[in-house]
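There are 2 protein chains.
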Amino acid sequence: MEFDDEISRRNLIKGAAGVIGVAALTAGGLGFISKAEAAKKTSAQKSSATLPWPYKKFTAAEIKEAGNIAHDNWFKGFCSYATLSGMVEILRRKVGEPYTSFPMELTTFAHGGTAGWGGTCGTLIGGGVAASLVAGPKIGEEINNEVISYYATTALPIFVPDHPKAQIKSQNTSDSPLCHLSVGKWMKKEGVGFLSPQQMERCARLSADMSMKTIELLNLWADGKFKPTTKAPFMANQIPSQNDCTECHGSNIPQTSGPFGTGLSLLEKGH
Amino acid sequence: MEFDDEISRRNLIKGAAGVIGVAALTAGGLGFISKAEAAKKTSAQKSSATLPWPYKKFTAAEIKEAGNIAHDNWFKGFCSYATLSGMVEILRRKVGEPYTSFPMELTTFAHGGTAGWGGTCGTLIGGGVAASLVAGPKIGEEINNEVISYYATTALPIFVPDHPKAQIKSQNTSDSPLCHLSVGKWMKKEGVGFLSPQQMERCARLSADMSMKTIELLNLWADGKFKPTTKAPFMANQIPSQNDCTECHGSNIPQTSGPFGTGLSLLEKGH
Chain E
1 MEFDDEISRR NLIKGAAGVI GVAALTAGGL GFISKAEAAK KTSAQKSSAT LPWPYKKFTA
61 AEIKEAGNIA HDNWFKGFCS YATLSGMVEI LRRKVGEPYT SFPMELTTFA HGGTAGWGGT
121 CGTLIGGGVA ASLVAGPKIG EEINNEVISY YATTALPIFV PDHPKAQIKS QNTSDSPLCH
181 LSVGKWMKKE GVGFLSPQQM ERCARLSADM SMKTIELLNL WADGKFKPTT KAPFMANQIP
241 SQNDCTECHG SNIPQTSGPF GTGLSLLEKG H
Chain C
1 MEFDDEISRR NLIKGAAGVI GVAALTAGGL GFISKAEAAK KTSAQKSSAT LPWPYKKFTA
61 AEIKEAGNIA HDNWFKGFCS YATLSGMVEI LRRKVGEPYT SFPMELTTFA HGGTAGWGGT
121 CGTLIGGGVA ASLVAGPKIG EEINNEVISY YATTALPIFV PDHPKAQIKS QNTSDSPLCH
181 LSVGKWMKKE GVGFLSPQQM ERCARLSADM SMKTIELLNL WADGKFKPTT KAPFMANQIP
241 SQNDCTECHG SNIPQTSGPF GTGLSLLEKG H
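Taken in sequence, the protein lines are chains E and C.
Note that the first sequence covers residues 1 to 271 in this note's numbering.
Note that the second sequence covers residues 1 to 271 in this note's numbering.
As the list makes no split between identical chains, a pair holds if one copy fits it or if it spans any two.
Below 20 Å or equal to it, Euclidean Cα-Cα: the simulated SDA-like pairs (lysine to any residue) are:
{"hint": "1", "residue 1": "Lys76", "residue 2": "Gly136"}
{"hint": "2", "residue 1": "Lys185", "residue 2": "Gln167"}
{"hint": "3", "residue 1": "Lys76", "residue 2": "Leu51"}
{"hint": "4", "residue 1": "Lys185", "residue 2": "Asp244"}
{"hint": "5", "residue 1": "Lys138", "residue 2": "Thr230"}
{"hint": "6", "residue 1": "Lys185", "residue 2": "Thr246"}
{"hint": "7", "residue 1": "Lys189", "residue 2": "Gln238"}
{"hint": "8", "residue 1": "Lys185", "residue 2": "Asn243"}
{"hint": "9", "residue 1": "Lys138", "residue 2": "Thr50"}
{"hint": "10", "residue 1": "Lys185", "residue 2": "Glu247"}
{"hint": "11", "residue 1": "Lys188", "residue 2": "His249"}
{"hint": "12", "residue 1": "Lys188", "residue 2": "Ala166"}
The set of hints was computed from the structure by calculation and includes no laboratory data.
The whole structure should be built from the sequences, with the hints applied where relevant.
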């Protein structure tokens, strides 16, 4: 495996860290590592395993750049990857490690509401990871909760990228964090199907919106000005849930265009 | 910031990597780094940013240990953290880096269907990250898809931990990857409310089940024997969704016990 050498070297370093004045010959052959160096490395390993990681506030221009990166990266790895990479690519430049070593593809699977199952929108998973890396798991979740609330109550997408792949005309409020409802309602409004150029452009812009919103809240938090405005809904409902039951349970539901529904043909019937 | 020193040192190393025969004095003061060492480090940084990471197959005893870790860690960081940490804690011991430096709390926010919103069950997010780290984003998603299918079609929980925090009597099939449906139906069957000792124990055991199932499939994949058996549902339905529409849309729905419903009182009425 490509990591074997690095692992052997690090194990050597760990072993050396407790021995005063020892210079350990690395597996690489020629390098000498002092005890001070070894101790520093061990402490850095512990640190990058512990959140939060360092953050430097984004300028307005950098937030817009994150939006463009997220939009463009949707076409490389879909929504969750896009939203996460918008922030991480810029932090690699602004901060460096540990973002440089961070595997941005680790939530790519979350696209389409988790491997295409229509659950939580992948932008909210990528955005939640981004917020957690920077602000730690507790504040990261509070920020993610605000982003979800914004996602569910705002007519989206808003961001207009520098390099759109398609023209779209509709914005829609999802009233839900679920991919299935969010993209379903928007496709109905736009009059397009899944994997149409318009649907892909919409989801790419929405990734930009969630990446940018997450960064805006992280900027507020970095200034000591972030205040949660909404409670996680499970506190109100005594079960994990969104607050508007009829978005799933009732007649106000998206139709599928495939074998399990006749979404597009229903457009003409006014459903 | 605690990372400043490490970052300065790494920048020095990066700068030195292109210069033949140069020994760079690190920010730590006393350490000398050879060019070979510097080149190795730069390549390691690139490598840990790129998936997959190295994997060593789990024994049956290690899979059970991962289940116990996941169960116990639920009470430290809930479902997504629990499922991910079950695998990562053992890979830290078996493989070392880059798992040792990996921030296991980065998906803690995904509990309760993402910050408590009742979307995708957090065990499937933690499990998806675990699969992606080991098998990369493409195979990781295929494995996650199988795990979701298993989650939605199996009477759970199955795992019995070494140190249960409560006794539970029910297993239930969720017919959905959504937290809201999965925990809602189980609570109805068990006759308990949210945040009861029984509900927490159930979700802890379910985290163990998903951690172990993910590892079993990763073991198969490591042997070249993993074959996807199900397609991601968006391919069948032409919209991200689960396959059984009536699990959300119809009368077969979980009631909340809070202000938005009267779940527990409905138990007597046979709903």
